[in-house]
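Chains as they are written, first to last, in the working numbering: chain A, 595 to 706; chain B, 293 to 407.
Hints are supplied without guarantee of correctness; some may be wrong.
Listed next, with one range per pair, are the computed distances between beta-carbon atoms [stated by the list, open to error]:
id : chain 1 : residue 1 : chain 2 : residue 2 : range
1  : A       : V638      : B       : N369      : 23 to 29 Å
2  : A       : T614      : B       : K349      : 31 to 37 Å
3  : B       : K349      : A       : P633      : 25 to 31 Å
4  : B       : E367      : A       : E632      : 40 to 46 Å
5  : A       : A662      : B       : T405      : 23 to 29 Å
6  : B       : E354      : A       : A672      : 29 to 35 Å
7  : B       : E354      : A       : T671      : 44 to 50 Å
For the record, the hints were derived by calculation from the structure and aren't laboratory data.
Note that beta-carbon positions come from the ideal geometry of N, C-alpha and C, so glycine has one too.
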Amino acid sequence: TQLLEQSPQFLSIQEGENLTVYCNSSSVFSSLQWYRQEPGEGPVLLVTVVTGGEVKKLKRLTFQFGDARKDSSLHITAAQPGDTGLYLCAGVGDNYGQNFVFGPGTRLSVLP
Amino acid sequence: DSGVTQTPKHLITATGQRVTLRCSPRSGDLSVYWYQQSLDQGLQFLIQYYNGEERAKGNILERFSAQQFPDLHSELNLSSLELGDSALYFCASSSGTSGIVHEQYFGPGTRLTVT
Numbered sequence: 595t596q597l598l599e600q601s602p603q604f605l606s607i608q609e610g611e612n613l614t615v616y617c618n619s620s621s622v623f624s625s626l627q628w629y630r631q632e633p634g635e636g637p638v639l640l641v642t643v644v645t646g647g648e649v650k651k652l653k654r655l656t657f658q659f660g661d662a663r664k665d666s667s668l669h670i671t672a673a674q675p676g677d678t679g680l681y682l683c684a685g686v687g688d689n690y691g692q693n694f695v696f697g698p699g700t701r702l703s704v705l706p
Numbered sequence: 293d294s295g296v297t298q299t300p301k302h303l304i305t306a307t308g309q310r311v312t313l314r315c316s317p318r319s320g321d322l323s324v325y326w327y328q329q330s331l332d333q334g335l336q337f338l339i340q341y342y343n344g345e346e347r348a349k350g351n352i353l354e355r356f357s358a359q360q361f362p363d364l365h366s367e368l369n370l371s372s373l374e375l376g377d378s379a380l381y382f383c384a385s386s387s388g389t390s391g392i393v394h395e396q397y398f399g400p401g402t403r404l405t406v407t
């Protein structure tokens, strides 16, 4: 069974600070995705990374896929209160979209 | 708007009852996933369907069942409900086609409260 771990579990920071959250596994994934979920709503896809070592940027968010495709990180620069939410990583184990595994999430709170 | 619809948005029922949650995937998506999310918990994968066939099963209780119909909408049936079944239930869809990146698009969820 493929498992994903995320750290930290909770993070509370002041507006303007930088932060990095991590997603780790002992398994190799064909691709990995990051989602953000706000309370009472469904997760919203932020990015998909496919190639080992790949780096993608989405405004102030930088996503990196590990060289071995087992881990990923999300870095937020100059965090804003609008970044508050639950950040979930999800790994896809095969080309048919099976073995889709979500991590437990990092709950981020950005204080004004 | 993800293009995935779920009904009803809220559902309140009593223990021992049975309910049906409905999901319509994005246009063109063949794969549907169901997830359960309890308060302050992550997403627990329940089951996946692809073009009408069950493709993967997660931690789905025997009291729960699902199906995907020819028009690709899906229903999740929860029976003999217990207090612990109170949760948000999400449906997500993806293309499901081999060889491409599988990105899931989530519906707004159904909040089930069992009293």
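To see whether the hints hold, each was checked on the structure:
no.	hint	result
1	A/V638 - B/N369: 23 to 29 Å	holds (27 Å)
2	A/T614 - B/K349: 31 to 37 Å	holds (34 Å)
3	B/K349 - A/P633: 25 to 31 Å	holds (29 Å)
4	B/E367 - A/E632: 40 to 46 Å	violated (26 Å)
5	A/A662 - B/T405: 23 to 29 Å	violated (43 Å)
6	B/E354 - A/A672: 29 to 35 Å	violated (49 Å)
7	B/E354 - A/T671: 44 to 50 Å	holds (47 Å)
This entry does not satisfy hints 4, 5, 6, going by the numbered hints stated previously.
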